[in-house]
Amino acid sequence: MGKLVIKTPGKQTGEVNLRLGEMTIGRHTTCDIVLKDDKSVSGKHAMIKTVGTKSTIEDLNSTNGTFVENQRIKQHELRSGESIIIGDHVLVYRDVVVLDAPAYGGPSAGSSVTSNTSQERTRIIRAHAQLVVMEGKDKGRQVPLVKQETVIDNPGKNPARIYRGEDGYVLHAQLGPGEPRINNKPVPNGGQILESGDVIEVAGTKYQVFV
1 MGKLVIKTPG
11 KQTGEVNLRL
21 GEMTIGRHTT
31 CDIVLKDDKS
41 VSGKHAMIKT
51 VGTKSTIEDL
61 NSTNGTFVEN
71 QRIKQHELRS
81 GESIIIGDHV
91 LVYRDVVVLD
101 APAYGGPSAG
111 SSVTSNTSQE
121 RTRIIRAHAQ
131 LVVMEGKDKG
141 RQVPLVKQET
151 VIDNPGKNPA
161 RIYRGEDGYV
171 LHAQLGPGEP
181 RINNKPVPNG
191 GQILESGDVI
201 EVAGTKYQVF
211 V
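Position one of the sequence shown corresponds to residue 1 (the UniProt record's numbering), numbered consecutively onward.
Honestly, the hints are just simulated from the structure, not real lab data. All figures in this text were calculated on a predicted structure; none of them were measured in a lab. Incorrect hints may have been included.
Estimated spans, in silico, between C-beta atoms of each pair [claimed, not checked]:
#1 Q71 / K36: 22 to 30 Å
#2 N183 / P9: 46 to 54 Å
#3 E195 / S80: 16 to 24 Å
#4 K44 / Q142: 44 to 52 Å
#5 E69 / P144: 33 to 41 Å
#6 Q71 / K157: 18 to 26 Å
#7 T30 / N189: 14 to 22 Å
#8 G136 / L60: 38 to 46 Å
#9 F67 / G14: 17 to 25 Å
#10 D153 / L60: 35 to 43 Å
#11 M134 / L60: 39 to 47 Å
#12 L60 / G156: 35 to 43 Å
#13 V199 / P9: 19 to 27 Å
Below are the DSS-like pairs computed for lysine-lysine, each with C-alpha atoms no more than 27 Å apart in a straight line [to be verified]:
#14 K44 / K11
#15 K185 / K54
#16 K44 / K7
#17 K39 / K11
#18 K147 / K157
#19 K36 / K49
Note that beta-carbon positions come from the ideal geometry of N, C-alpha and C, so glycine has one too.
Make the full structure from the sequences, and use the hints.
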């Protein structure tokens with residue numbers, strides 16, 4: 001995941017933390033990131049979708065287009081430091097790991113600027129984590145999380161997927177009976193950042209997370 005540093009000509013107007021899932025950008029007040037007083041921005045102009053630690057921006061058939069590094073795009077996976085241009089606004093993408101993401105530009109816009117509190121919620125997770133089977137037929141087996149995507153099979157149901165990025169690991173799974181769980185709860189929509197001590201349960205096998 002990351003954050004956007006939002007600029008208009010001559011000044012920086014704020015920062016907004018991205019969250020897992022979809023966030024809309026536009027002039028309309030229902031958008032997650034509201035770019036006010038810019039008539040070149042469409043009501044719902046673009047969308048950023050974050051899966052694991054990766055964010056992709058997609059143009060929503062806007063009138064004036066969405067640009068990354070001065071190239072008009074329909075869809076683009078963002079890299080740290082790249083500039084998104086929407087109307088007169090420049091949104092610079094930065095890599096961070098953030099658990100919460102308030103709206104920007106709406107009624108609570110003041111909370112969108114990064115504060116000490118939000119910085120305290122930023123969690124950097126070391127690379128080369130692993131899972132250890134703590135309950136099940138393969139008790140004691142270690143599963144290194146060295147791949148970009150680790151899949152834990154769930155016969156007859158949907159597998160658990162763990163995405164690895166430079167900044168951490170995120171668990172994704174479907175909701176429903178028999179689907180993977182974490183800490184005895186369903187995996188949230190949009191995924192959950194893994195921390196040491198978390199327990200993932202898939203098909204009756206429990207894995208403890210070590211990061």
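Here is how each hint holds up against the structure:
Hint check: Q71 to K36, Cβ distance near 26 Å, so the stated range 22 to 30 Å holds. Between N183 and P9 the beta carbon distance is about 47 Å. The supplied range of 46 to 54 Å therefore holds. Checked against the hint of 16 to 24 Å, the pair E195 and S80 passes, with Cβ atoms roughly 23 Å apart. K44 and Q142 have their C-beta atoms about 46 Å apart, which keeps the hinted 44 to 52 Å range intact.
Distance hint check for E69 and P144: the Cβ-Cβ separation is about 35 Å, which falls inside the suggested range of 33 to 41 Å. One distance hint, 18 to 26 Å for the beta-carbon pair Q71 and K157, is violated here, with the actual separation near 41 Å. At roughly 19 Å, the beta carbons of T30 and N189 sit within the given window of 14 to 22 Å. Distance hint for G136 and L60: a CB-CB separation of about 45 Å, consistent with the stated range 38 to 46 Å.
In this structure the supplied range 17 to 25 Å holds for F67 paired with G14, their Cβ-Cβ distance being about 20 Å. Under the hint 35 to 43 Å, the C-beta atoms of D153 and L60, about 36 Å apart, fit the expected range. Evaluation of the 39 to 47 Å hint for M134 and L60 yields a pass: the beta carbon distance comes to about 45 Å. About 37 Å separates the C-beta atoms of L60 and G156, a value consistent with the hinted range of 35 to 43 Å.
Hint check: V199 to P9, Cβ distance near 50 Å, so the stated range 19 to 27 Å is violated. The hinted pair formed by K44 and K11 meets the criterion: a straight-line CA distance of about 24 Å does not exceed 27 Å. For the suggested pair K185 and K54, the alpha carbons sit about 25 Å apart, so the restraint of at most 27 Å is met. Distance hint between K44 and K7 is fulfilled; the C-alpha atoms sit about 19 Å from each other, no more than 27 Å.
As the CA atoms of K39 and K11 are separated by approximately 19 Å, the hinted pair is consistent with the 27 Å bound. Between the alpha carbons of K147 and K157 the distance comes to roughly 22 Å, so the proposed pair stays at or under 27 Å and holds. Between K36 and K49 the alpha-carbon distance is near 21 Å, which keeps this suggested pair within the 27 Å criterion.
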